[in-house]
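Residues per chain are reported as follows:
Protein chains: 2
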Amino acid sequence: MERVTIIGLGLIGGSLGLALKAAKLTDIEIVGYDKDTPTAVDARRLGVVDKSERILQKAVRDARLVIIATPIMAVRGVMEEIAGELRENCVVTDTASTKAIVMEWASQLLPATVSFVGGHPMAGKETPGVQNAEAKLFADKPYCIIPAADASEGAVRVVTGIVQLIGARPFFIGADEHDGYVAAVSHLPLVLSAALFTLVRNSPAWPELSALASSGFLGATRLASTDAELSHDICLTNREGVLHWLDRIAEELGRYRELLQQGQEEELFKTFARAQLDRDTYIAAGPPVREPVAAEELPTSGEQLAALLVGQRLVRRVKDIGKLLEERQERGGRQGREGRGRR
Amino acid sequence: MERVTIIGLGLIGGSLGLALKAAKLTDIEIVGYDKDTPTAVDARRLGVVDKSERILQKAVRDARLVIIATPIMAVRGVMEEIAGELRENCVVTDTASTKAIVMEWASQLLPATVSFVGGHPMAGKETPGVQNAEAKLFADKPYCIIPAADASEGAVRVVTGIVQLIGARPFFIGADEHDGYVAAVSHLPLVLSAALFTLVRNSPAWPELSALASSGFLGATRLASTDAELSHDICLTNREGVLHWLDRIAEELGRYRELLQQGQEEELFKTFARAQLDRDTYIAAGPPVREPVAAEELPTSGEQLAALLVGQRLVRRVKDIGKLLEERQERGGRQGREGRGRR
Chain F
1 MERVTIIGLG LIGGSLGLAL KAAKLTDIEI VGYDKDTPTA VDARRLGVVD KSERILQKAV
61 RDARLVIIAT PIMAVRGVME EIAGELRENC VVTDTASTKA IVMEWASQLL PATVSFVGGH
121 PMAGKETPGV QNAEAKLFAD KPYCIIPAAD ASEGAVRVVT GIVQLIGARP FFIGADEHDG
181 YVAAVSHLPL VLSAALFTLV RNSPAWPELS ALASSGFLGA TRLASTDAEL SHDICLTNRE
241 GVLHWLDRIA EELGRYRELL QQGQEEELFK TFARAQLDRD TYIAAGPPVR EPVAAEELPT
301 SGEQLAALLV GQRLVRRVKD IGKLLEERQE RGGRQGREGR GRR
Chain R
1 MERVTIIGLG LIGGSLGLAL KAAKLTDIEI VGYDKDTPTA VDARRLGVVD KSERILQKAV
61 RDARLVIIAT PIMAVRGVME EIAGELRENC VVTDTASTKA IVMEWASQLL PATVSFVGGH
121 PMAGKETPGV QNAEAKLFAD KPYCIIPAAD ASEGAVRVVT GIVQLIGARP FFIGADEHDG
181 YVAAVSHLPL VLSAALFTLV RNSPAWPELS ALASSGFLGA TRLASTDAEL SHDICLTNRE
241 GVLHWLDRIA EELGRYRELL QQGQEEELFK TFARAQLDRD TYIAAGPPVR EPVAAEELPT
301 SGEQLAALLV GQRLVRRVKD IGKLLEERQE RGGRQGREGR GRR
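One line per chain: the protein sequences are F and R, in this order. Here the first sequence is numbered in this note's numbering, starting from 1 and rising by one per residue. Here the second sequence is numbered in this note's numbering, starting from 1 and rising by one per residue.
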């Protein structure tokens with residue numbers, strides 16, 4: 001019986017628990033910890049974990065895999081508390097929305113005897129909490145995997161295996177690139193959404209505006225309902241990335257404003273038409289096809305969990321992760337200026 | 001048999017047809033016209049209309065109610081073409097997203113023998129066309145009603161009856177107020193969404209960004225898939241309103257930027273928390289309760305359609321619309337600066 005420990009039983013930690021349980025792994029015990037005891041009790045009751053522990057150190061003892069799914073700003077404290085308790089070759093991962101800072105904390109705080117592989121599921125919804133956890137939350141969603149420089153190949157396989165097991169799409173990426181990219185596709189939409197909502201909400205015409213608002217406004221402001229702690233922590237830990245994209249969107253909005261102000265109707269029409277066409281094309285294409293992962297023999301020693309999760313459960317396998325990473329970084333060097341060189 | 005004519009059989013015109021048919025009115029014939037003949041044929045085939053006409057003038061002849069559901073910029077031309085064909089006491093309405101300009105066209109172009117009552121259903125989706133029409137598109141959505149100064153009381157009742165019949169919430173409002181308000185809750189989100197999409201799409205990192213983007217980005221950019229003609233026409237016909245709100249959102253984003261840049265973390269957290277709380281409260285409250293409309297005798301002459309639609313089909317009735325309008329305008333004067341005084 002191998003132990004997987006989930007620390008932080010909110011929407012993400014809870015959904016991970018449900019997704020792992022849905023995979024019906026044998027010989028795996030899922031242990032949960034949450035600093036809020038009623039949450040841990042709920043998690044146990046909802047079947048998110050097999051067992052919950054009230055003491056963090058005890059929860060991680062003997063675990064082969066530890067998943068830190070707390071708010072970003074709590075990750076550091078958790079690492080400090082668990083560092084001395086982790087068994088040798090333990091694989092540690094997290095789910096935080098920003099990665100450079102988490103990778104730095106892991107490198108400073110975790111012992112050299114364990115492997116840290118950062119993770120970030122690009123999934124969520126605006127209703128937080130374990131009571132809203134879903135086994136399918138990660139299905140077909142990208143899941144960023146950011147191995148620490150000294151993470152073992154086996155550890156990367158364990159995390160990749162978990163990601164595939166829960167139905168997500170592994171996306172290998174460096175921490176700085178990650179933070180630059182998610183600032184664009186995740187953090188900027190969040191701030192835009194909050195700003196749009198607060199602007200309209202604070203208008204003296206709110207009684208009329210709120211009565212008139214329909215699905216367009218509700219959809220455009222959906223992310224304003226994001227847990228405020230998460231929004232705040234994201235802005236704090238990815239400040240440069242968010243500022244960069246806030247400046248870019250200000251320019252872009254300025255461009256639209258200019259076209260409108262100057263009555264450049266044809267150009268304005270073309271701009272909207274291009275947006276419509278490109279987005280429809282993007283939507284029609286669907287998510288990128290999951291690259292088939294070829295089978296290759298598993299490491300024969302030390303990686304019991306990898307064997308359990310990757311070897312027994314999946315016929316496909318993580319192939320040449322190093323190569324994928326290299327390729328992506330090469331491409332990133334050519335095309336991915338947005339994700340680099342800002343710091 | 002009274003005739004209702006729908007001009008423009010796209011998503012909105014088509015959905016109106018389906019919604020009216022779903023009400024199973026007796027003695028009403030729904031006639032459709034679209035300048036695109038295949039669309040008109042499709043509309044007939046899909047049961048959106050009882051009959052389609054290939055000649056606009058013929059389509060409106062003898063109609064008691066004419067609904068203009070074309071793109072905004074086409075409304076003027078339609079009014080010019082039908083003006084000479086409308087029977088006495090015909091009720092004309094439209095569905096355009098901007099109202100001041102449409103009211104002006106109606107006042108210039110339609111004969112004094114007919115009544116114009118502007119309409120704007122706050123409903124839609126990003127898949128246009130009659131093939132995406134839905135009878136339930138307007139259910140529980142606000143539907144703005146803007147009677148022309150010289151519209152008869154009976155005409156307002158007809159349009160209000162139609163709005164209630166299709167399950168929408170009548171919202172009486174002046175044209176300038178309307179344009180100011182929808183600029184905030186509809187047109188600004190549209191431009192924001194398009195700007196966010198084009199910004200990210202034009203990034204050299206698009207291959208990575210598009211692979212990483214998840215439900216947050218998709219939701220925040222949904223309105224970028226709005227029909228480009230609609231987006232363009234909105235900006236053109238509500239330029240002042242859109243410019244006003246573009247300036248306001250630029251300020252609001254600047255405020256977020258400032259808090260982030262200056263490391264005002266507590267204030268930033270409070271701002272996000274306030275947005276989350278206010279939006280959750282707004283969502284939890286649901287749409288405003290539909291004011292019950294008391295019964296009152298119908299006009300006894302000339303308003304056959306009103307009798308058919310309002311009298312026979314609804315037990316409740318439009319009560320004191322003038323009073324509602326007055327109240328709203330009074331409130332608008334106090335609180336609704338956003339919707340007025342910009343022109």
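A couple of the hints might just be wrong.
Said to hold, decoys possible - The calculated DSSO-like cross-link candidates involving lysine-lysine, where the alpha carbons are at most 30 Å apart (straight line), are:
(1) F:K270 / R:K35
(2) R:K270 / F:K35
(3) R:K35 / R:K136
(4) R:K58 / F:K125
(5) R:K51 / R:K21
(6) R:K270 / R:K136
(7) F:K125 / R:K125
(8) R:K125 / R:K51
(9) F:K24 / F:K51
(10) F:K58 / F:K21
(11) R:K35 / R:K58
(12) R:K125 / R:K270
(13) F:K270 / F:K136
(14) R:K24 / R:K51
(15) F:K125 / R:K35
(16) F:K136 / R:K51
(17) R:K125 / F:K270
Please keep in mind that the hints were generated in silico from the structure rather than gathered at the bench.
*asked:* Taking the earlier hints as the rules, which of them does this structure contradict?
replied: 4, 6, 12, 13, 15, 16
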